[in-house]
Amino acid sequence: MRPLFFRDLSIPIGMGALAATTLASAIGVASLAQAGPKDVNVYSGRHYNTDKQLYAEFTRRTGIRVNLLEGKDDELIQRLRSEGSKSKADLLVLVDAARVYRAQELGLFQTIRSAELNKDVPANLRDPAGRWFALTRRARPVMVNPALVNPKLIRTYADLSRSELKGKLCLRNRASVYNQSLTADELVRRGKPATQQWIKGMVANVKEPLFTSDTPMLRAVGLGQCGAAIANQYYLARMLRGDNRADRAAAAKVKVVWPNPTHINITAGGVTNSARNPEGARKLLEFLASPSSGEGYASANDEYPLKGWGNNPTLKAFGTFKASSVSMEQLGRRNREAVELMAQAGWK
Amino acid sequence: MQTAATSPAAASAPPPRASRWILVGGVVLVSLLALAPLLSLLGGALFGEGPGGLALGVDGVEQMRGTLLLVAGEGFIGAILGTAIGWLTAVCRFPGRRWLRIAQLVPMAFPAYLLAASLIDWASYRGLRIHGLGWAVLLLTLANYSYVFLLSTESFSVSGRRLLEASRSLGVGPWPSFFRVALPIALPSIGAGVALSAMEVVNELGAVRLLGVPSLSAGILDRWQVDGNPQGAALLSLAALAIVALLITGERLLRQRSRRWNLEGRDAAEHVWQLRGWRALLAQLVTALPPLCALAIPVLWVQQGWQALAAESIGELAQLASRSLGLALLATGLTGMGALLLAICRRWSPQPFVQQLSFLAGLGYAIPGSVLALGLIVLGGPLGFSPVLLLLWGYGDRFMAVSKQGLDAGLERIPPSIDETAASLGCNWQGVLRRIHLPLLRGPLLVGSLLVFVDVVKELPITLALRPFDFDTLAVRVFQYASDERVGAAMAPALLIMALGLVAALALVPTLERRD
Numbered sequence: 002m003r004p005l006f007f008r009d010l011s012i013p014i015g016m017g018a019l020a021a022t023t024l025a026s027a028i029g030v031a032s033l034a035q036a037g038p039k040d041v042n043v044y045s046g047r048h049y050n051t052d053k054q055l056y057a058e059f060t061r062r063t064g065i066r067v068n069l070l071e072g073k074d075d076e077l078i079q080r081l082r083s084e085g086s087k088s089k090a091d092l093l094v095l096v097d098a099a100r101v102y103r104a105q106e107l108g109l110f111q112t113i114r115s116a117e118l119n120k121d122v123p124a125n126l127r128d129p130a131g132r133w134f135a136l137t138r139r140a141r142p143v144m145v146n147p148a149l150v151n152p153k154l155i156r157t158y159a160d161l162s163r164s165e166l167k168g169k170l171c172l173r174n175r176a177s178v179y180n181q182s183l184t185a186d187e188l189v190r191r192g193k194p195a196t197q198q199w200i201k202g203m204v205a206n207v208k209e210p211l212f213t214s215d216t217p218m219l220r221a222v223g224l225g226q227c228g229a230a231i232a233n234q235y236y237l238a239r240m241l242r243g244d245n246r247a248d249r250a251a252a253a254k255v256k257v258v259w260p261n262p263t264h265i266n267i268t269a270g271g272v273t274n275s276a277r278n279p280e281g282a283r284k285l286l287e288f289l290a291s292p293s294s295g296e297g298y299a300s301a302n303d304e305y306p307l308k309g310w311g312n313n314p315t316l317k318a319f320g321t322f323k324a325s326s327v328s329m330e331q332l333g334r335r336n337r338e339a340v341e342l343m344a345q346a347g348w349k
Numbered sequence: 012m013q014t015a016a017t018s019p020a021a022a023s024a025p026p027p028r029a030s031r032w033i034l035v036g037g038v039v040l041v042s043l044l045a046l047a048p049l050l051s052l053l054g055g056a057l058f059g060e061g062p063g064g065l066a067l068g069v070d071g072v073e074q075m076r077g078t079l080l081l082v083a084g085e086g087f088i089g090a091i092l093g094t095a096i097g098w099l100t101a102v103c104r105f106p107g108r109r110w111l112r113i114a115q116l117v118p119m120a121f122p123a124y125l126l127a128a129s130l131i132d133w134a135s136y137r138g139l140r141i142h143g144l145g146w147a148v149l150l151l152t153l154a155n156y157s158y159v160f161l162l163s164t165e166s167f168s169v170s171g172r173r174l175l176e177a178s179r180s181l182g183v184g185p186w187p188s189f190f191r192v193a194l195p196i197a198l199p200s201i202g203a204g205v206a207l208s209a210m211e212v213v214n215e216l217g218a219v220r221l222l223g224v225p226s227l228s229a230g231i232l233d234r235w236q237v238d239g240n241p242q243g244a245a246l247l248s249l250a251a252l253a254i255v256a257l258l259i260t261g262e263r264l265l266r267q268r269s270r271r272w273n274l275e276g277r278d279a280a281e282h283v284w285q286l287r288g289w290r291a292l293l294a295q296l297v298t299a300l301p302p303l304c305a306l307a308i309p310v311l312w313v314q315q316g317w318q319a320l321a322a323e324s325i326g327e328l329a330q331l332a333s334r335s336l337g338l339a340l341l342a343t344g345l346t347g348m349g350a351l352l353l354a355i356c357r358r359w360s361p362q363p364f365v366q367q368l369s370f371l372a373g374l375g376y377a378i379p380g381s382v383l384a385l386g387l388i389v390l391g392g393p394l395g396f397s398p399v400l401l402l403l404w405g406y407g408d409r410f411m412a413v414s415k416q417g418l419d420a421g422l423e424r425i426p427p428s429i430d431e432t433a434a435s436l437g438c439n440w441q442g443v444l445r446r447i448h449l450p451l452l453r454g455p456l457l458v459g460s461l462l463v464f465v466d467v468v469k470e471l472p473i474t475l476a477l478r479p480f481d482f483d484t485l486a487v488r489v490f491q492y493a494s495d496e497r498v499g500a501a502m503a504p505a506l507l508i509m510a511l512g513l514v515a516a517l518a519l520v521p522t523l524e525r526r527d
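Just so you know, the sequences run in chain order A and B. Just so we're aligned, residue 2 is where the first sequence starts under the working numbering, counting upward by one. Just so we're aligned, residue 12 is where the second sequence starts under the working numbering, counting upward by one.
The following block holds chain A by itself, in its conformation from the complex:
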């Protein structure tokens, strides 16, 4: 028998050594960045490099270091829930009111009192009980290709069920939380029968199959395959500002039509129930919601600040709109009902 064994072993040993060194260096970096009772640990559903610059600015001003764990919102909620009181997270930042409300219902946030937050965050954009506060606003207008659909036809979301749009309307699927919140908005403003009628009308107009994301849908609008679609404004802004020529050309053909009122949603944050540094987390929240840094936090993703329209030139070109007055808390509260209604009315 050939003495293969030792040759065999050299591979795993070599691999092990390599693995140990790379991982040790990686963990070393990570553990250096951890510890410190004065740090604020953030679980965030946002993933923008410019966020890190803002956190760095916060550290420079206050001396409080920010450790970041970015993930998908639902996953972070579940992680925080499973970790319970052992969780290291101090601040939870989530996108979309429905998810924020879900986290609130699971008891993941603690109530905080802050005159600053109450001043900077409009009342309909925060929890009445003070458990979470909006940090940015996003809108979900109608995106129209004027070559196919006359923009004047659409004054409200209800107009999307008009028969003129038959075969021209493109929608994202029911699983999209953005559509769920939009439906909840309609539900609060117009009641169940009208909302059901509206969905049925849109489903009759829709061009199958439904999309699983907004950006390909906007490209389809730009390329003339869809006449109208409902999408968040920042996806279009991103295409317009991006470095891809084909995207810029497609986006240039898309006109933003603001329904009256327009559905808006939020990115929001709250101090976790298990926070070890609730003070630091509150300060970070105040910092992010303040008008000076809030502008940066919003424009990182082409979103709107909490008040006004901000200075983002791409967004300014879209024009202004009348935002729906439905509170974020209501959007969350009615989410389950909205999803059920969507399923009943045939929104796939």
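In short, the hints are calculated from the structure, not lab data. Any given hint might turn out to be false.
Unchecked claim - Here are a few chain A residues that face chain B, going by a calculated C-beta distance under 10 Å:
(1) 48
(2) 69
(3) 73
(4) 78
(5) 174
(6) 191
(7) 244
(8) 245
(9) 248
Beta carbons: idealized from backbone N, C-alpha and C, even for Gly.
Use these hints to put chain B onto chain A, whose structure you have.
Frame of chain A; chain B shown alone:
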């Protein structure tokens, strides 16, 4: 499932008692580690708090149907494609065969979610809709047929060459030889490959979501995380588990029916079928098309938006890559050792419970990564385990089956008479392992390790859920960009994942070449 009677050497030459108990203890330990998160989950789901609801519902039925269709479609096409390519490249000769054989390793490096995301992205610029079950089956087959190819080609090259020779000298043509001799011998390996790829399909999340196909994996996550209904999620998990158990059992049955111990020298390699003319052309076409398609998708995608690469920070990419690499290497080592222990013990220990435990230890492959991760959080949180340790535990649990499947198939090709001879000459199981099994298992061990390595580099849900603060990997970064619909920005880390996978896949080339 294997029974005591079929366990080879144990009856005639049992290894010394004490050392055998070490083996059994090891198996119990590994299996407990593998099963603990599942049990904690099941307990939490059935007895935990939260709104209940065990009804499958309309959605549940749709999701079950989606997954079954995906598994059936991918399994069928993947089995035919993988076996055909395995056969053509192992025992036929045609121009370009060597390169085309190596090329089969390329699709392995490309995770299905990346193929789906980049294809959808690329096509949407051209007004093409990539959507639905058909595309899902196609992309999943492309991403996973290599499992069947690798295991079947290995079997075609190693086993039954002499039988093939005999059948050929008796005037049996290539096709009958294939169907009557080579295929039955290779069936266990093909079955193992199909089972592995089908399990990947059961678990696939990103691709099926992007393509809008309802699936159990997405259903489990949604019920758990969005609806806050752990019981419902556990029910769907059980459905997924049942599909996988069925797959594994089917594979076992296949293997038992066609058990032929085979150990031949590599001297028979010169007897091959020369393909000429249109036959050679067809062979080239069949073997070239899948890797070309798999390669074309990312290449077209990069060509579409390479500008995004300019904005990348090299230092950060290097850090992400080193984490991915380190985790993958560690996980590969751990998984390999665990799988070897399970496989060896199955061979030596006739006790049915050992057989069953080692079967159960592979079930982690069936659980969607995110669910497994939750189980680990529930389990490891109170114990204060470090996240990296939990992460490795998760990888080991998830990918044990990948390593083990190949080893089991490899061990079954070694006739028990060899173990018996060695034992009767005074060799204990360690000796047999060192001097006989390990050298003979080099191939499967290497193949298994590389598959695990590539799988860990591509792995997303467990990493996403368990990693500590400021500890992103390549796959995590890709996911974050892609979930923000900034697919273009995900390009650099995505390419690095593919590159790491390619390097690992190309490490298999010498194994493939040695068979020639």
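Hint by hint, which ones does this structure get wrong, listed from lowest number up?
The structure conflicts with hint 6 only, although it agrees with all the remaining ones.
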